[in-house]
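Based on the provided sequences and hints, a complete structural model is requested.
So that you can map any letter, position 182 of the sequence shown is 182 in my numbering, and since no number is skipped, the others follow by simple counting.
The hints are simulated quantities; they were obtained by calculation from the structure and are not laboratory data.
Treat each hint with caution, since some may be false.
[Unchecked claim] Listed next, with one range per pair, are the computed distances between beta-carbon atoms:
#1 Gln-236 / Val-196: 29 to 39 Å
#2 Ala-113 / Gly-208: 43 to 53 Å
#3 Ala-5 / Gly-203: 44 to 54 Å
Where a beta carbon is used, it is the ideal one built from N, C-alpha and C, also for glycine.
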Amino acid sequence: MNAKAKGYLLGAVAAATYGMNPLFALPLYKAGMNPDSVLFFRYLFAIPLLGAMIKARGRSFRVGRKSVLPLAGMGLLVALSSLTLFESYNYMEAGIASTLLFVYPILVAVIMALFFKEKLSVQTAACIFLAVLGIALLYKGESGATLSATGVVLVFASALSYAVYIVGVNQASLKDVPTLAVTFYVLLFGLSLFVVRLCLAGGVSTPGSWYLWGNLVALAVFPTAISFLCTTSAIQCIGSTPTAILGALEPLTAIAIGIMVFGESLTVREGIGLVLIIAAVTFVIAGGSVTQHLVRFRKLFPRLGRRR
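Following this line, the structure appears as structure tokens:
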């Protein structure tokens, strides 16, 4: 298998495994666990896995003093994003929540335009309109029932937190810190949020059945460790843009799991909304490369009826 094919395969695996969050989280909710406890174990089990990756690659855990505070801030942002997403599963179907979360690249574009003076292109503005239209279609189903306002707010809080994280982690103070080390310390600092919340709530809840511990381990392995490792490897093989575009498989995986495993429904109207959101975000991520490919495709077909 050549490097390009390997990169696309790894990118697809990364996106698909991240979309498995509902598969392992929802049975734990049904067993009586709350989102704080589920995420506490997810982070707790993922941290040593990432530590093992760092040691296996011969990397150092050492970071500069100036990087500690930014890493702590990034860790709290990621933890907040995880918490609000997992809380939203209590208010709406997991597939819909995962698709709404996928607007985070558009939020990144808006943040960069507002605070870092990056130009907001016509294409990006059009994609934002498409995404808003898709969300409007999702908000009210064919039966007339609307999505939970609390659930929508929680998902957008998750998307915004992750968007701010993406912008913040690319700033100068963390550019010299290896990616694996950044993720390791982000999870480590993020874990502190759940420790504090669980202490205030009176303690952590645990699964009542032994096999549900497998769900907690799977959350740490598949949507966290494997997804991260495959994402990093895919970027090295095919670059960040194609890898990001493959991220569209995340909500599609979550939707498929929701329908096939948990019996969630999907109306035609909701399906159109999902397609609009995924298409809008994909074009935002692709950026100018879309125009480049379209021009290249158009050159394959000379104008018809043109006389010399």
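Numbers of the earlier hints that this structure fails to satisfy, in rising order: Result: no hint breaks.
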